[in-house]
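> Could you build the full structure based on these sequences and the hints that come with them?
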Amino acid sequence: MHNDKLIIFRIAQEELNNVLKHAQAKDISVLLMYLPAKIILSIKDDGKGFSPELAQKSLGLQYMAHRAGLIGDAFTLQSKPGEGTLAQLIVATE
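In my numbering, the protein residues as written are 2 to 95.
A hint or two may mislead.
[What the hints assert, rightly or not] With a straight-line cut-off of 25 angstroms between C-alpha atoms, the simulated PhoX-like cross-links for lysine-lysine are: (1) LYS6 x LYS39; (2) LYS22 x LYS58; (3) LYS81 x LYS22; (4) LYS58 x LYS45; (5) LYS81 x LYS45; (6) LYS27 x LYS45; (7) LYS49 x LYS22; (8) LYS81 x LYS49; (9) LYS81 x LYS27; (10) LYS45 x LYS22; (11) LYS27 x LYS49; (12) LYS6 x LYS45; (13) LYS58 x LYS81.
Read the hints as simulated data drawn from the structure, not as lab findings.
Next comes the structure, spelled out in C-alpha coordinates:
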(Lines of atoms letter the chains of each structure in order from A and count residues from 1; the text may use other names and numbers.)
(Lines give C-alpha, C1' and ligand atoms only; values in the text may rest on other atoms or scores of the structure.)
Protein backbone atom coordinates (compact mmCIF):
# COMPACT_ATOMS: atom_id res chain seq x y z
CA MET A 1 0.00 0.00 0.00
CA HIS A 2 3.00 2.35 0.47
CA ASN A 3 3.60 2.53 -3.29
CA ASP A 4 -0.15 2.95 -3.81
CA LYS A 5 -0.14 6.01 -1.54
CA LEU A 6 2.61 7.60 -3.60
CA ILE A 7 0.71 6.94 -6.82
CA ILE A 8 -2.48 8.44 -5.34
CA PHE A 9 -0.47 11.50 -4.30
CA ARG A 10 1.12 11.87 -7.75
CA ILE A 11 -2.26 11.63 -9.49
CA ALA A 12 -3.69 14.30 -7.17
CA GLN A 13 -0.62 16.46 -7.73
CA GLU A 14 -0.88 16.16 -11.52
CA GLU A 15 -4.60 16.96 -11.59
CA LEU A 16 -4.23 19.98 -9.29
CA ASN A 17 -1.34 21.21 -11.43
CA ASN A 18 -3.53 20.84 -14.55
CA VAL A 19 -6.30 22.85 -12.90
CA LEU A 20 -3.93 25.63 -11.89
CA LYS A 21 -2.25 25.79 -15.31
CA HIS A 22 -5.18 25.34 -17.68
CA ALA A 23 -8.66 25.50 -16.13
CA GLN A 24 -8.92 29.16 -15.15
CA ALA A 25 -11.06 27.90 -12.26
CA LYS A 26 -12.41 30.07 -9.47
CA ASP A 27 -13.17 27.12 -7.20
CA ILE A 28 -11.48 23.75 -6.73
CA SER A 29 -12.83 21.08 -4.42
CA VAL A 30 -10.77 18.11 -3.25
CA LEU A 31 -12.50 15.23 -1.51
CA LEU A 32 -10.58 12.29 -0.09
CA MET A 33 -12.70 9.56 1.49
CA TYR A 34 -11.22 6.58 3.26
CA LEU A 35 -13.82 3.84 3.48
CA PRO A 36 -13.38 0.28 4.75
CA ALA A 37 -13.05 -1.22 1.26
CA LYS A 38 -11.81 1.71 -0.81
CA ILE A 39 -10.30 5.16 -1.02
CA ILE A 40 -12.01 7.74 -3.22
CA LEU A 41 -10.23 10.84 -4.44
CA SER A 42 -12.32 13.43 -6.27
CA ILE A 43 -11.04 16.72 -7.62
CA LYS A 44 -13.63 19.04 -9.13
CA ASP A 45 -13.19 22.50 -10.62
CA ASP A 46 -15.47 25.11 -12.15
CA GLY A 47 -13.00 26.01 -14.88
CA LYS A 48 -13.31 26.19 -18.63
CA GLY A 49 -13.34 22.42 -19.16
CA PHE A 50 -12.22 20.69 -22.33
CA SER A 51 -13.41 18.27 -24.99
CA PRO A 52 -12.93 14.50 -24.63
CA GLU A 53 -10.68 14.52 -27.72
CA LEU A 54 -8.15 16.65 -25.84
CA ALA A 55 -8.05 14.10 -23.01
CA GLN A 56 -6.87 11.46 -25.48
CA LYS A 57 -4.02 13.72 -26.67
CA SER A 58 -2.85 15.10 -23.32
CA LEU A 59 0.24 13.41 -21.92
CA GLY A 60 -0.59 14.56 -18.39
CA LEU A 61 -4.02 12.98 -18.51
CA GLN A 62 -2.64 9.79 -20.04
CA TYR A 63 0.00 9.75 -17.30
CA MET A 64 -2.66 9.84 -14.56
CA ALA A 65 -4.62 7.00 -16.17
CA HIS A 66 -1.42 4.97 -16.58
CA ARG A 67 -0.46 5.47 -12.93
CA ALA A 68 -3.93 4.40 -11.80
CA GLY A 69 -3.55 1.27 -13.95
CA LEU A 70 -0.28 0.44 -12.18
CA ILE A 71 -2.18 -0.09 -8.95
CA GLY A 72 -5.14 -1.71 -10.72
CA ASP A 73 -7.59 1.06 -9.97
CA ALA A 74 -10.18 3.14 -11.75
CA PHE A 75 -9.45 6.70 -12.89
CA THR A 76 -12.20 8.70 -14.59
CA LEU A 77 -12.22 12.17 -16.00
CA GLN A 78 -15.40 14.03 -16.93
CA SER A 79 -15.27 17.40 -18.65
CA LYS A 80 -17.08 19.51 -21.20
CA PRO A 81 -16.11 22.90 -22.56
CA GLY A 82 -17.48 25.59 -20.25
CA GLU A 83 -18.52 23.12 -17.53
CA GLY A 84 -15.38 22.40 -15.51
CA THR A 85 -13.82 19.03 -14.80
CA LEU A 86 -14.26 16.17 -12.36
CA ALA A 87 -11.34 13.76 -11.90
CA GLN A 88 -11.99 10.71 -9.74
CA LEU A 89 -9.79 7.88 -8.56
CA ILE A 90 -11.15 4.84 -6.73
CA VAL A 91 -8.62 2.60 -5.00
CA ALA A 92 -9.60 -0.77 -3.53
CA THR A 93 -8.01 -1.27 -0.10
CA GLU A 94 -8.81 -4.95 0.37
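> Hints first: check each against the structure and report whether it holds.
Here is what the structure says about each hint:
no.: 1; hint: LYS6 x LYS39; result: holds, 12 angstroms
no.: 2; hint: LYS22 x LYS58; result: holds, 17 angstroms
no.: 3; hint: LYS81 x LYS22; result: holds, 17 angstroms
no.: 4; hint: LYS58 x LYS45; result: holds, 21 angstroms
no.: 5; hint: LYS81 x LYS45; result: holds, 13 angstroms
no.: 6; hint: LYS27 x LYS45; result: holds, 11 angstroms
no.: 7; hint: LYS49 x LYS22; result: holds, 12 angstroms
no.: 8; hint: LYS81 x LYS49; result: holds, 8 angstroms
no.: 9; hint: LYS81 x LYS27; result: holds, 16 angstroms
no.: 10; hint: LYS45 x LYS22; result: holds, 15 angstroms
no.: 11; hint: LYS27 x LYS49; result: holds, 10 angstroms
no.: 12; hint: LYS6 x LYS45; result: holds, 20 angstroms
no.: 13; hint: LYS58 x LYS81; result: holds, 15 angstroms
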